[in-house]
Amino acid sequence: MAQMICLQRWKWMHLDAFSHYAFMSATCSNQYGLMDGLLEELEIQQLHSVSQSTIYLLRTWSLSLYTIPRQIKCFIIVGAVASANGSALAKIGCTTMLAAVKLEVMTPKLESPDEGCIAIDFHMPPICSPLVRPGRPAEAAPVITKQLTDIILSSGMIDLKELSLVSGKAAWLAYLDIYCLDADGSLFDAALLSAVAAFSHLQIPVVSLNDNGRIVLISEENSGAMWEKEPVNKEKRKLKLDTLPFSLTCALHKNYILADPSAEEESIMETYLTVVLDSSLQLVSLNKPGGPGLAQTSAIQDCVALTIKRVKELQKMLNEAISDMEVD
Amino acid sequence: MEEKREDGRSATQLRPLSCTRSVLNRAHGSASFSQGETKILAAVYEPKAGTKKNENPEKACIEVIWKPKSGQIGKAEKEYEMILKRTLQNICILNVHPNTTTTIIIQVVNDDGSLLPCAINPACSALVDAGIPLKYLAVLCIGSQQARRTEYEGTGLFMEVGEKIKNGVITSVTHGVMTVSGTRTRRNQAAV
Numbered sequence: 001m002a003q004m005i006c007l008q009r010w011k012w013m014h015l016d017a018f019s020h021y022a023f024m025s026a027t028c029s030n031q032y033g034l035m036d037g038l039l040e041e042l043e044i045q046q047l048h049s050v051s052q053s054t055i056y057l058l059r060t061w062s063l064s065l066y067t068i069p070r071q072i073k074c075f076i077i078v079g080a081v082a083s084a085n086g087s088a089l090a091k092i093g094c095t096t097m098l099a100a101v102k103l104e105v106m107t108p109k110l111e112s113p114d115e116g117c118i119a120i121d122f123h124m125p126p127i128c129s130p131l132v133r134p135g136r137p138a139e140a141a142p143v144i145t146k147q148l149t150d151i152i153l154s155s156g157m158i159d160l161k162e163l164s165l166v167s168g169k170a171a172w173l174a175y176l177d178i179y180c181l182d183a184d185g186s187l188f189d190a191a192l193l194s195a196v197a198a199f200s201h202l203q204i205p206v207v208s209l210n211d212n213g214r215i216v217l218i219s220e221e222n223s224g225a226m227w228e229k230e231p232v233n234k235e236k237r238k239l240k241l242d243t244l245p246f247s248l249t250c251a252l253h254k255n256y257i258l259a260d261p262s263a264e265e266e267s268i269m270e271t272y273l274t275v276v277l278d279s280s281l282q283l284v285s286l287n288k289p290g291g292p293g294l295a296q297t298s299a300i301q302d303c304v305a306l307t308i309k310r311v312k313e314l315q316k317m318l319n320e321a322i323s324d325m326e327v328d
Numbered sequence: 001m002e003e004k005r006e007d008g009r010s011a012t013q014l015r016p017l018s019c020t021r022s023v024l025n026r027a028h029g030s031a032s033f034s035q036g037e038t039k040i041l042a043a044v045y046e047p048k049a050g051t052k053k054n055e056n057p058e059k060a061c062i063e064v065i066w067k068p069k070s071g072q073i074g075k076a077e078k079e080y081e082m083i084l085k086r087t088l089q090n091i092c093i094l095n096v097h098p099n100t101t102t103t104i105i106i107q108v109v110n111d112d113g114s115l116l117p118c119a120i121n122p123a124c125s126a127l128v129d130a131g132i133p134l135k136y137l138a139v140l141c142i143g144s145q146q147a148r149r150t151e152y153e154g155t156g157l158f159m160e161v162g163e164k165i166k167n168g169v170i171t172s173v174t175h176g177v178m179t180v181s182g183t184r185t186r187r188n189q190a191a192v
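Just so you know, the sequences run in chain order A and E. With UniProt numbering applied, the first sequence covers 1 to 328. With UniProt numbering applied, the second sequence covers 1 to 192.
Which residues of chain E face chain A? A few of them, derived with a C-beta cut under 8 Å, are:
id: 1; residue: Ile170
id: 2; residue: Val177
id: 3; residue: Thr179
Restricting the straight-line Cα-Cα distance to at most 30 Å, the calculated cross-link-like pairs of lysine-lysine (BS3-like) are:
id: 4; chain 1: A; residue 1: Lys146; chain 2: E; residue 2: Lys85
id: 5; chain 1: A; residue 1: Lys146; chain 2: E; residue 2: Lys67
id: 6; chain 1: A; residue 1: Lys169; chain 2: A; residue 2: Lys102
id: 7; chain 1: E; residue 1: Lys85; chain 2: E; residue 2: Lys67
id: 8; chain 1: A; residue 1: Lys146; chain 2: A; residue 2: Lys240
id: 9; chain 1: E; residue 1: Lys135; chain 2: E; residue 2: Lys85
id: 10; chain 1: E; residue 1: Lys85; chain 2: E; residue 2: Lys39
id: 11; chain 1: A; residue 1: Lys146; chain 2: E; residue 2: Lys69
id: 12; chain 1: A; residue 1: Lys109; chain 2: A; residue 2: Lys238
id: 13; chain 1: E; residue 1: Lys52; chain 2: E; residue 2: Lys75
id: 14; chain 1: A; residue 1: Lys169; chain 2: A; residue 2: Lys238
id: 15; chain 1: A; residue 1: Lys102; chain 2: E; residue 2: Lys78
id: 16; chain 1: E; residue 1: Lys135; chain 2: A; residue 2: Lys254
id: 17; chain 1: A; residue 1: Lys146; chain 2: E; residue 2: Lys52
id: 18; chain 1: A; residue 1: Lys109; chain 2: E; residue 2: Lys75
id: 19; chain 1: A; residue 1: Lys109; chain 2: A; residue 2: Lys240
id: 20; chain 1: A; residue 1: Lys102; chain 2: A; residue 2: Lys236
id: 21; chain 1: E; residue 1: Lys59; chain 2: A; residue 2: Lys254
id: 22; chain 1: E; residue 1: Lys78; chain 2: A; residue 2: Lys109
id: 23; chain 1: E; residue 1: Lys75; chain 2: A; residue 2: Lys240
id: 24; chain 1: E; residue 1: Lys52; chain 2: A; residue 2: Lys254
id: 25; chain 1: E; residue 1: Lys75; chain 2: A; residue 2: Lys102
id: 26; chain 1: E; residue 1: Lys39; chain 2: E; residue 2: Lys69
id: 27; chain 1: E; residue 1: Lys53; chain 2: A; residue 2: Lys254
id: 28; chain 1: E; residue 1: Lys59; chain 2: A; residue 2: Lys146
id: 29; chain 1: A; residue 1: Lys240; chain 2: A; residue 2: Lys312
id: 30; chain 1: E; residue 1: Lys85; chain 2: A; residue 2: Lys254
id: 31; chain 1: A; residue 1: Lys109; chain 2: E; residue 2: Lys69
id: 32; chain 1: A; residue 1: Lys161; chain 2: E; residue 2: Lys75
id: 33; chain 1: E; residue 1: Lys39; chain 2: A; residue 2: Lys146
id: 34; chain 1: E; residue 1: Lys78; chain 2: A; residue 2: Lys146
id: 35; chain 1: E; residue 1: Lys67; chain 2: A; residue 2: Lys109
id: 36; chain 1: E; residue 1: Lys78; chain 2: A; residue 2: Lys254
id: 37; chain 1: E; residue 1: Lys135; chain 2: E; residue 2: Lys39
id: 38; chain 1: A; residue 1: Lys316; chain 2: A; residue 2: Lys240
id: 39; chain 1: E; residue 1: Lys85; chain 2: E; residue 2: Lys69
id: 40; chain 1: A; residue 1: Lys316; chain 2: A; residue 2: Lys146
Hints listed in this document are in silico derivations from the structure and should not be mistaken for laboratory results. By construction, the Cβ of each residue, glycine as well, lies at the ideal position given by its N, Cα and C atoms.
Using the sequences and the hints, build the whole thing.
Spelled out as C-alpha cells, the structure:
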C-alpha cells in the first residue's frame with residue numbers, strides 16, 4: 001500500500017515527526033485522508049521517540065477525528081442470493097459480508113418441542129484477506145462465529161417458537177452462513193449487520209404435510225392446481241423480529257478512541273471494545289477481550305454514546321433497504 | 001429474585017475459592033483453582049525461542065491452549081483461548097523476553113458454571129509460579145448474574161476483569177440483554 005511504502009523509505013531518516021506527517025499526508029491521497037495522518041503518527045510514535053510538538057499535533061488533529069465512525073458508506077442490499085430464503089450483502093467501508101439463511105425441516109428437541117433452531121457459521125475464505133491461507137482456517141473465524149451465535153440468541157431478536165411447524169414433530173432449522181468477502185477491519189460489526197439484514201429479509205416458505213407424515217415444500221406452480229394436502233402454513237410469511245442488535249467496535253489507544261477501525265488501524269492498535277445495543281438501546285453485549293490497554297469508565301461511556309449514534313443510522317439504512325426491496 | 005439461591009447463597013455471595021500452586025512437577029509453573037464445584041488446572045511452560053508467524057518479534061508471545069473436560073475443541077474453546085490470551089497480554093510484561101513464546105495450558109477438570117472467570121485466576125497464579133514478570137500481582141475477577149424484575153426484564157451475565165490500582169477494565173464479557181446504566185452500577189458494586 002502506498003503509505004506503508006512511504007514509511008519504509010523514511011524510517012531511517014531522523015526527520016522531525018511533524019514534517020514526517022506533513023510529507024505523508026501530502027503524498028498519500030486517498031479517502032481516509034486525515035485518518036491516515038493519525039495512523040502514521042501512531043506508527044511513528046512506536047518507531048521513534050516522540051517530540052512534544054507531535055503530541056500536541058496528535059491531540060488537535062485527533063480531537064476532531066476520534067469521535068467519528070467511518071463515514072465512508074455503509075451499504076446494505078437485501079435479497080442478494082436468490083436461492084436462499086433470506087439473504088443480505090452488507091458493506092461497511094471496504095469490509096464486505098454476504099449472509100444467507102436457508103431453512104430446513106427438522107425434528108425439534110424433546111425438551112423444547114415447539115422451538116426451532118438456528119445454526120450460525122462464519123467463514124473467512126482466502127478471498128477476503130492475504131493473511132488467510134487456503135486449508136488453514138483463520139483464527140478470527142470461530143471466535144466471531146461464537147460471538148455472533150451468543151448475541152443473536154441472547155438478544156431476543158428471534159423467538160424460536162416462531163420457527164415451529166407442528167409441535168413436537170417438525171420445526172424449522174435455520175442455517176445462517178456468513179461469508180466474508182473482504183476483510184478490512186470491524187469484521188464483527190459487518191457480520192452482525194448482514195445477519196440481521198438477512199433475517200429481516202427472511203421469508204418462510206409454504207409447506208404441507210403429505211401422506212407419509214413428512215413435510216413437503218409446496219412449490220409455486222402446484223399451489224393453484226391441487227389442494228388435497230392441507231398446507232401447514234397458509235402463505236409465505238416473514239419472521240417477526242423483536243429488536244435488532246447493532247454493534248460498533250472501537251479501538252482504544254491511551255486516551256484516544258478510534259471508532260470502527262480498518263484493517264491497517266487494527267494491526268497497530270491492540271485493544272478493542274465492542275458494544276452491541278439493540279433498537280431499544282439496551283446493552284446486549286460489552287465485549288473487551290483483554291489487550292494491552294485498560295478501558296476507563298469514561299472511555300466505555302464514550303463508546304456507548306458512539307454506538308447509539310451508529311444504531312440509529314444503521315436502523316434507518318436497513319429500513320430503507322428493505323422497503324426498496326419490497327417495492328420491487 | 002428470591003432471597004436465597006439453590007445452594008443457599010445470597011445474590012452477591014461467591015462460592016468458596018481455593019487455589020494451590022505447583023501441583024505439577026514437569027511444568028515450569030502450575031496452579032489449580034476451584035470455585036465451588038468448578039475446578040480448573042493451569043500449567044505454564046517457560047519461554048521457548050521464536051514467536052508464531054504473525055506475531056511481533058519485539059515482544060514475547062503468549063499462546064493459550066484450552067482443553068475442555070470432554071469433547072472436541074470447538075468454537076467456544078477458541079473464543080476462550082483468544083480472550084485469555086489477550087487478557088494475559090495485558091498483564092504480562094512482554095518486553096522482558098522478546099522473540100519468545102510462553103505457553104499456557106488450561107485444563108477444565110470440572111465445569112459447574114463461571115468457567116472463564118474461574119480460568120483467569122489459575123492462569124495468573126501459574127504465571128507467578130513460573131516466574132514470568134507481571135505488571136499486576138493479582139487480578140480481580142468477577143462473574144455475576146443478575147435478573148431484574150422491573151420493566152426492563154433482562155437477565156445479564158457479566159464478567160469483568162479489572163485492575164484495582166488504575167481502576168480500568170482489562171476484559172469484559174457480557175451475555176444477555178441489560179440496560180447500559182445497569183452495567184455501570186454493577187461495575188461499581190463489583191469493584192468494591
